[in-house]
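Working from the sequences, and respecting the hints, build out all of it.
2 protein chains.
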Amino acid sequence: MASMARWEPDSRGRLETAAMQLFAEHGFDATTVAEIAARAGLTERTFFRYFTDKREVLFWGAAGLQDLLVTQVADAPPGTRPLTAVVDALVAAGGMFEQRRDFARERQRVIAGSAELRERELIKLAALAAALAQALRDRGIPDTAAELAAEAGVAVFRVSFGRWTEDPTRELPDVIRDCVTELKGVAAAS
Amino acid sequence: MASMARWEPDSRGRLETAAMQLFAEHGFDATTVAEIAARAGLTERTFFRYFTDKREVLFWGAAGLQDLLVTQVADAPPGTRPLTAVVDALVAAGGMFEQRRDFARERQRVIAGSAELRERELIKLAALAAALAQALRDRGIPDTAAELAAEAGVAVFRVSFGRWTEDPTRELPDVIRDCVTELKGVAAAS
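The listed protein sequences derive, respectively, from chains A and B. If you use our numbering, the first sequence closes out at 383, no skipped numbers anywhere. If you use our numbering, the second sequence closes out at 383, no skipped numbers anywhere.
Think of the hints as simulated: they come from the structure by calculation, not from any bench. Hints may contain errors.
Same chains, same label: a pair holds when it works inside one copy or across any pair of copies.
Listed below are the simulated SDA-like cross-link pairs for lysine to any residue, each with C-alpha atoms no more than 20 Å apart in a straight line [said to hold, decoys possible]: (1) Lys247 x Ser307; (2) Lys377 x Arg330; (3) Lys317 x Thr358; (4) Lys377 x Gly254; (5) Lys317 x Arg351; (6) Lys247 x Asp371; (7) Lys377 x Phe252; (8) Lys317 x Arg298; (9) Lys247 x Glu314; (10) Lys247 x Glu375; (11) Lys247 x Gly306; (12) Lys247 x Ala269; (13) Lys247 x Gly288.
Next comes the structure, spelled out in structure tokens:
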């Protein structure tokens with residue numbers, strides 16, 4: 194069976210592309226795993242080798258992103274301010290998304306159309322904020338500052354990501370930096 | 194039937210108290226509406242006059258809080274900075290909770306113990322942030338600043354509320370003000 198992999202190059206990518214096409218055509222709720230697999234020219238069994246369910250097609254990247262951001266925060270130079278550590282991590286991770294803008298835009302659209310998916314997205318972002326707050330506490334940042342920096346960072350990421358998917362002329366790290374500048378202005382002026 | 198109300202003073206309060214006792218004793222999942230009504234000395238029918246389900250006992254206040262905060266933001270003096278408008282609204286609303294600290298602490302504990310309730314709380318807070326962002330846009334604040342001020346304000350509220358339920362010596366408006374000062378420090382230092 195292991196040799197099958199030779200005949201299924203980039204199965205994950207094909208399944209993802211097929212799923213996003215079907216979500217766009219028929220909506221998330223009306224799309225089945227069987228249809229996704231058929232569109233990708235693969236079996237359902239192959240689908241379930243990569244994803245636990247169709248929702249996972251939209252969220253499988255969240256765990257890797259969270260690990261990457263937490264590692265970056267942990268590895269920031271000693272004395273780095275908490276929001277700086279979070280923002281630097283976001284900017285570094287932001288480059289990763291550059292090849293994935295079309296997917297990201299389509300994903301935003303699918304999620305916006307489903308209450309269940311919007312809730313799942315909120316839960317993932319809250320988990321990300323909690324993980325970043327813990328990474329900051331592990332650096333010795335006190336509780337309140339750690340939580341606020343993590344929440345502010347995730348808010349910046351969420352807002353920037355939305356702006357970036359709408360504006361093909363800009364790169365995500367730049368949008369993030371502008372958004373942080375805006376947050377500083379909002380906080381300073383209050 | 195209307196005259197029954199004479200024999201059920203503060204039915205909502207009695208149902209709420211009974212529900213919180215039962216959630217603490219047996220857990221949220223194991224508690225039934227029938228048990229809540231019986232503990233309160235009321236009928237299930239009376240319960241459903243006040244709450245759509247047992248979860249609503251924990252969340253019925255959210256709509257009123259959101260309306261109050263949105264109205265306060267809308268009524269802020271012209272030229273008030275966006276985060277100031279949100280924080281002033283939170284501080285004003287914070288006084289309301291002073292009589293409800295025991296309920297709030299118990300509520301936090303019940304919510305922390307259930308994934309379903311934590312998700313419901315996230316959804317309510319996201320709805321609050323969206324409503325506050327819209328109230329700021331209605332005041333002419335540009336999109337990004339409105340979203341960031343609303344998200345930062347809700348983060349401050351969430352963190353402050355947690356601190357306040359744990360520390361009986363402090364009042365919520367003061368905790369909120371301290372938390373905003375901390376947020377300014379976190380943003381300025383980055």
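Each hint, compared with the structure:
1. Taking identical chains as interchangeable, the C-alpha atoms of Lys247 and Ser307 lie at most 20 Å apart only when both belong to the same chain, with a minimum of 13 Å there against 25 Å between chains.
2. Taking the shortest alpha-carbon separations for Lys377 and Arg330, only the inter-copy value of 19 Å comes in at or below 20 Å, while the best intra-copy value is 22 Å.
3. Taking CA atoms no more than 20 Å apart as the test, Lys317 paired with Thr358 passes inside one copy only; the shortest distance there is 19 Å, against 25 Å between copies.
4. Taking the closest pair of Cα atoms, Lys377 and Gly254 never come within 20 Å of each other, the shortest separation being 29 Å inside a single copy and 32 Å across copies.
5. Taking CA atoms no more than 20 Å apart as the test, Lys317 paired with Arg351 passes in both settings, with 11 Å inside one copy and 17 Å between copies.
6. In the homo-oligomer, the alpha carbons of Lys247 and Asp371 never lie at most 20 Å apart, since the shortest distance is 34 Å inside one protomer and 44 Å across protomers.
7. For a Cα distance limit of 20 Å, the shortest separation of Lys377 from Phe252 qualifies neither inside one copy, at 30 Å, nor across copies, at 33 Å.
8. With identical chains, the CA atoms of Lys317 and Arg298 are at most 20 Å apart within one copy only, with a shortest distance of 18 Å there and 25 Å across copies.
9. In the homo-oligomer, the alpha carbons of Lys247 and Glu314 lie at most 20 Å apart inside one protomer (14 Å), although the nearest pairing across protomers, at 25 Å, exceeds that limit.
10. When the C-alpha separation of Lys247 and Glu375 is checked against a cutoff of 20 Å, the pair qualifies neither within a copy, at 37 Å, nor between copies, at 42 Å.
11. Taking CA atoms no more than 20 Å apart as the test, Lys247 paired with Gly306 passes inside one copy only; the shortest distance there is 15 Å, against 28 Å between copies.
12. Neither within a single protomer nor between protomers do Lys247 and Ala269 lie at most 20 Å apart by alpha-carbon distance, with minima of 36 Å and 46 Å respectively.
13. Taking CA atoms no more than 20 Å apart as the test, Lys247 paired with Gly288 passes in neither setting, with 26 Å inside one copy and 46 Å between copies.
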